[in-house]
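Protein sequences appear in the order of chains W and R. So in my numbering, the last one in the first sequence is 315, and the numbering has no gaps at all. So in my numbering, the last one in the second sequence is 607, and the numbering has no gaps at all.
Hints were generated in silico from the structure; no laboratory data involved. Heads up, a few of these hints could be off.
[Said to hold, decoys possible] In silico lysine to aspartate or glutamate, DMTMM-like type, Cα no more than 20 Å apart, as pairs:
| # | chain 1 | residue 1 | chain 2 | residue 2 |
| --- | --- | --- | --- | --- |
| 1 | W | Lys-308 | R | Glu-371 |
| 2 | R | Lys-454 | R | Glu-483 |
| 3 | W | Lys-308 | R | Glu-386 |
| 4 | R | Lys-454 | R | Asp-430 |
| 5 | W | Lys-308 | R | Asp-380 |
[To be verified] Reference listing, derived: stretches of chain R covered by chain W, where coverage requires no fewer than 3 residues with Cβ under 8 Å from a Cβ of chain W:
| # | region |
| --- | --- |
| 6 | 409-419 |
| 7 | 538-549 |
| 8 | 568-575 |
As the structure is a computational prediction, the values presented were derived from the model and not from experiment. Cβ atoms here follow ideal geometry from the backbone N, Cα and C, with glycine treated the same way.
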Amino acid sequence: MNATVLTSTEQQTRITGHQYPLTRVVTWELRRFLASRLFWFQALGFWGFLLLIIWALHASDQTGTVTGSEQLSAYVAGTSAGGLLRTLPTYLIILALLLPFITADGVTRDVNRRTHELLMTTALPTWAYVLGRYLASLIIGLGLALLLFASILGMGGLLHLTDPTYPLPQPDAVLLLWVGMVLSATILVSSVGFAMSTLWPRLSMLIKAVIMVGWLTGALVIPVSFRNTTPPPAWYVNWDPTSGITALGLLPAYQIGLNSSITNEAQLLQFILSVENKMPDLAGWFVPHLLLAGASLVLVLVAALAFKRSRETLS
Amino acid sequence: MMELTIEHLSKRYGQNWALRELSLRCEPGMLGLVGPNGAGKTTLMRMIATLLSPTEGTIRWNGQDIRTHGEALRQVLGYLPQDFGIYPEFTGRQFLRYLAAMKGLPTSLVNRRVDEVLSIANLEQVADRKLPTYSGGMKQRIGIAQALLNDPELLIVDEPTAGLDPAERVRFRTLLSSLTSNRIILLSTHIISDVEAVANRLMILQEGRVLTDTTPEALLAKTAGSVWGVTTDQTTALQLQASYQVSTMVNQMHGITLRIVSATRPHEAAVVIDPSLEEAYLLAVGRPAVRV
């Protein structure tokens, strides 16, 4: 250690105010994420798992008919609009289980790592600190959601290359379902996890567990009770954040009713293609899903306003 | 103007008072804060650093209450906590650039300033290594470097020499001394020799209250005649140790040499010797301590 007196930049270093504090926090938080090998490992693992599961679910539903003595069968492509209504809630479960670990600890991680005191004694405005941490983790979350979008299109294209009867995914239909179901869910889970953990940092792990259990219940358990029985109520179809019930409510439009006019496999494939690639009906559910995402943003604002720099709040 | 004023400051955790009725006025120079564990040193430092709210009393920076003008203080504050974390993803240089950005240093100045504090902390050679590879001493030095990034007017250092080897400790003390001319430095430590070497003012805290607020010289003068040296056999040494505050106990060829803090002559062979600041501290705090 040198006993050097700070003189060369003394006058300039004494700061008079923060410029673009939010941009600084977001930029540096993203740099920190990207500098982490663990983050890249997680992202690559997530991407690999997504590709695997999209490939595994590429035949989302089997259907068939008998014509004369010939048995015809075909499947609904997992990356078509109809197929995605069957598979997307599953992909969303994977995303929703991962997101709380990326977004919820934006602020509490500093407390756990004991970097909190270093940051809270800087002139960084509180709102910039909280919102910057949130935006950075949301950007990472949206990046993972985009990875899902790209994986659906990419794997669909790859499957089409290897099997010409496999239909190419329709980008517009995939995009609409992605925005209505994946984007909204990503914002919702990220925001709720972050806001709750910021408000109650000591309960961070419990909050993550509740989000995960809640999502699994909404996306897996509850839809089972509606299968092959009464249809789910319309309000639930419209407002289900996990999209499990929403997909159930939309699926009847993709019901494949085979008739006796189909006499060969080409006709069957053509018929299925015409049904599975229909644009999803956005009425009812699309706006409520975006509203849920918007409401969760308000929760983040509340957390930013309620956040106290004082260590007593966090310790 | 550079002035820190504390009036009737108290802090309570539940039913326990960590700090009671502390008043203090600081101008440029170094104040050494010493006291036993639980005396309230860290609580006081955290309150000044705006990390804790006082239960009672006020802290003013240049006349402004930091409860309402905390940002003005934080702009000129450098803080090295007793125990702080790092971002394992970053190298030392990245960590400092990150904190420089959080402190609001102009972008054009960040790289130069980071190079300066790396040089001051003698970390240039390891600046591009990831932080988890740093030793305890290096980590402490990166903490010191970050505290200096914004050239603070108020520098608060809580147990800064913990984890440093003796040579680094001496260099760090020299560094602190060189910084005192144009800023207020609050140094909390258990190592009395650190305070002796650098502080021009000494405050002893005990059980949340100010026991003494003086200069090291005045405290030493007050202790003169109360420190005794004696060389004796083992049995007598143990008896003396049980009856008096023994600051040092050294085994030697011809017996055991003790330094005893006592207002009265502890043994007929004991002679008055010059007190150290550590012994003055022991006399003030009134606690037995033995260094063998």
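Here is how each hint holds up against the structure:
{"no.": "1", "hint": "W/Lys-308 to R/Glu-371", "verdict": "holds, 19 Å"}
{"no.": "2", "hint": "R/Lys-454 to R/Glu-483", "verdict": "holds, 12 Å"}
{"no.": "3", "hint": "W/Lys-308 to R/Glu-386", "verdict": "holds, 13 Å"}
{"no.": "4", "hint": "R/Lys-454 to R/Asp-430", "verdict": "holds, 17 Å"}
{"no.": "5", "hint": "W/Lys-308 to R/Asp-380", "verdict": "holds, 18 Å"}
{"no.": "6", "hint": "409-419", "verdict": "holds (count 7)"}
{"no.": "7", "hint": "538-549", "verdict": "violated (count 0)"}
{"no.": "8", "hint": "568-575", "verdict": "violated (count 0)"}
Hints 7 and 8, counting from the list given before, are not met by this structure.
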